[in-house]
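Undergrad: Here are the chains, one letter per residue:
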Amino acid sequence: MATIQIPTPLRRFTGEAGDVEVQGGTVDEALGDLTRQHPGLKPHLYTADGGLRSFVNIFLNDDDVRHLERGATRVAPGDTLTIIPSIAGGSAVASPLSRAAVAPGDGNELPALSPEEIRQYSRHLIMPEVGIEGQRRLKAAKVLMIGAGGLGSPLGLYLAAAGVGTLGVVDFDVVDESNLHRQVLFSHADVGRPKLDAAVERLRGINPYIALQPHPVRLDSSNALELFAPYDIVVDGTDNFQTRYLVNDACVLTGKPNVYGSIFRFEGQVSIFWGAKGPCYRCLFPEPPPPGLVPSCAEGGVLGVLPGIIGALQANEVIKLIVGAGEPMIGRLLLFDALKLKFRELKLRKDPACPICSEHPTQHELIDYDQFCGIAPPAAATGAGARAGGAGHAGAAGAAGAPSPDSADAATDDDDDNDDDFDVEAGEVKRWLDEGRDFTLIDVRSPLEHAICHIDGARLMPLQDFPQQLEQLDPAGRYVVHCHHGGRSTQAVQLMRQRGFKAARNLAGGIDAWSHEVDPAVPRY
Amino acid sequence: MTASGEPAAAAPAALAVSAADMAAIGRHAERTYPEECCGFLLGEARDGFTRVARIVPAANERGDSRHNRFVMSPETVLAAHKEARAAGLAVVGYYHSHPDHPAAPSEFDREHAWPGLSYLIVSVQAGQVDQARSWRLRDDRARFEEEHLASSAEPERPA
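Going down the list, the sequences are from chains B and X.
Just so you know, we're using this note's numbering here: the first sequence kicks off at 120 and counts up by one.
Just so you know, we're using this note's numbering here: the second sequence kicks off at 559 and counts up by one.
No wet-lab data here; the hints were simulated from the structure.
Some hints could be false.
Claimed, not checked - Some chain B residues judged to face chain X by a derived CB distance under 8 Å, without partners named:
| # | residue |
| --- | --- |
| 1 | 131 |
| 2 | 176 |
| 3 | 209 |
To be verified - Have a look at the derived ranges for each label pair, beta carbon to beta carbon:
| # | chain 1 | residue 1 | chain 2 | residue 2 | range |
| --- | --- | --- | --- | --- | --- |
| 4 | X | 633 | B | 170 | 16 to 26 Å |
| 5 | X | 700 | B | 408 | 57 to 67 Å |
| 6 | B | 198 | X | 704 | 35 to 45 Å |
| 7 | B | 479 | X | 606 | 56 to 66 Å |
Said to hold, decoys possible - Stretch-level coverage of chain X by chain B, calculated; a stretch enters the list once three of its residues show a Cβ under 8 Å from a Cβ in chain B:
| # | stretch |
| --- | --- |
| 8 | 649-661 |
| 9 | 665-676 |
Idealized CB from N, CA, C, for every residue including glycine.
Throw the hints in and build the complete structure from the sequences for me.
TA: What follows is the structure, encoded as structure tokens:
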């Protein structure tokens with residue numbers, strides 16, 4: 120027989136008794152006997168799922184049983200158990216998000232959690248920073264992920280696992296073998312499948328209680344505002360500047376926070392750009408770098424684990440924004456160096472002259488981001504689809520009327536000749552080689568990429584030094600330029616045409632298309 | 559209603575705090591702004607009428623999120639109970655501040671409360687005390703109900 124001392128405010132549930140005699144060999148048994156004798160105590164000591172409330176502490180004589188064996192701590196006859204609360208509290212409107220469902224005046228407007236959800240999220244629920252209220256905020260939250268790639272993989276996995284109630288994903292790509300070294304959402308069995316199909320299946324397996332909203336579209340200026348509208352937070356997992364500026368501007372115009380992450384080779388960046396509360400991406404980078412200066416991951420490579428680290432940090436910021444815990448990365452830019460294993464942090468300031476997020480913006484709608492970034496859509500990315508935008512090539516290069524390497528041949532080729540002599544298909548180049556035609560094949564990739572694979576006979580002229588090396592070439596000659604997928608070679612051919620190389624053409628789809636369509640012995644990467 | 563008056567039988571719950579103690583709580587809340595402050599209300603409670611005789615400011619023992627969360631450890635609570643007993647009083651409630659938020663209890667407050675106590679919340683807006691309100695959790699834990707907060711001109715002394 121042990122004694123439990125009842126704290127004063129709870130004595131109303133024990134008939135004003137301050138000491139209650141209980142049976143039981145352990146703390147749990149003794150407390151069980153107490154709530155059997157006085158059932159009114161139970162809701163104040165235990166949560167609905169039977170756990171002791173986080174603020175209720177049990178002392179055995181003078182020791183907190185958390186430092187002993189908790190509920191299994193032995194209780195001897197004559198021992199005294201004392202119920203001591205730790206006092207906790209806090210203000211309600213902790214989430215900085217403005218939407219009523221995420222930041223309500225009181226917790227009652229938030230969706231309730233089912234017993235299954237409470238089991239899944241129990242490790243969240245026992246932390247006061249999240250708790251039932253934070254978890255219900257997560258359930259109410261709507262997050263849109265741009266891209267289901269390297270960053271999108273950890274983002275999707277962790278946001279789904281954390282119980283973000285509505286998770287939208289924008290992607291139009293299919294799973295490629297070269298994705299698997301970093302895009303941990305996908306497995307070999309998914310190669311060739313639309314990423315969204317594979318992603319939804321995987322995320323559904325992790326959390327069947329959330330709504331997954333696939334958006335199988337290419338994000339552009341015509342659809343971004345409408346896509347963003349129903350969401351609370353947008354997470355940028357893109358790998359190119361056009362989309363990054365588009366995501367930023369659309370977030371500013373719709374008032375949404377943009378949880379930003381970017382990766383390149385061994386380095387990554389994380390921030391939250393939120394025009395309403397701090398700087399936006401344009402305050403940091405008013406203008407995109409010149410095309411070709413900063414290669415994409417496809418061109419420059421990326422350490423497979425890097426998007427895992429950066430994407431997980433983005434997920435962390437998303438969850439903090441929703442539950443209102445900690446210090447969000449608004450106005451701060453985190454720089455991560457995987458080789459040195461160093462994090463650096465920069466303070467960001469809002470640009471008072473920012474064209475989109477300042478008090479007197481000059482831009483009030485979305486613009487043409489390909490044009491803004493000085494590039495045409497990469498031909499390789501969408502195959503024939505990009506050719507519709509291929510007019511930009513001819514216009515930019517002033518190539519109208521320029522002869523193709525073989526105009527007679529082009530005239531007979533009704534597949535390929537639609538007034539666009541800028542691009543040339545891999546199969547056509549192969550035929551020219553087989554026929555022994557007079558032209559030079561130029562590879563503008565890096566020497567490292569050349570070492571992975573190359574087309575026999577191609578001359579390596581990395582894009583970095585290309586403008587200088589161009590002086591060695593005869594502008595009257597005929598050239599076909601290729602890179603990995605067609606992006607860098609497009610820039611090279613544009614430059615050549617500006618310098619009077621009228622018969623320079625771009626190998627559409629790069630060496631990847633060559634491998635796919637002409638010579639499977641050339642490994643794809 | 560005055561702090562010293564006896565409530566009528568059917569009167570709603572009320573909390574009486576002296577003007578000096580209210581001022582001290584306000585100073586505590588402004589000093590810790592933009593973080594939350596917290597402390598104990600010591601006094602006597604009878605028939606829904608609670609008279610605060612002394613306040614005991616406490617440290618917010620949270621290591622993080624101190625702008626919207628506070629905690630006082632069980633050891634601190636024990637010490638406050640000891641101090642109350644020594645003075646012939648009881649811990650009748652707690653106070654804490656809500657920096658830049660209304661003086662209304664949050665869902666988080668509700669999950670961490672017991673009935674039978676007064677929860678005095680002070681709203682601090684932009685560093686200045688804005689409003690104080692006091693709340694009691696219903697026995698069924700469904701929600702807090704506001705109790706009348708009376709502040710007397712004269713400092714109260716324990717009877």
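Undergrad: Now tell me if each hint is right for this structure.
TA: How the hints compare with the structure:
1. 131: holds (6 Å)
2. 176: holds (4 Å)
3. 209: holds (4 Å)
4. X/633 x B/170: 16 to 26 Å: 22 Å Cβ-Cβ, so the 16 to 26 Å window holds.
5. X/700 x B/408: 57 to 67 Å: Holds: the Cβ-Cβ distance is about 58 Å, inside 57 to 67 Å.
6. B/198 x X/704: 35 to 45 Å: Holds: the Cβ-Cβ distance is about 40 Å, inside 35 to 45 Å.
7. B/479 x X/606: 56 to 66 Å: Once the Cβ atoms are compared, 57 Å apart, the range 56 to 66 Å for residue 606 of chain X and residue 479 of chain B holds.
8. 649-661: holds (count 8)
9. 665-676: That given contact holds, which follows from 11 residues of the stretch 665-676 of chain X lying within Cβ reach (below 8 Å) of chain B.
When held up to the earlier numbered hints, the structure conflicts with none and fits them all.
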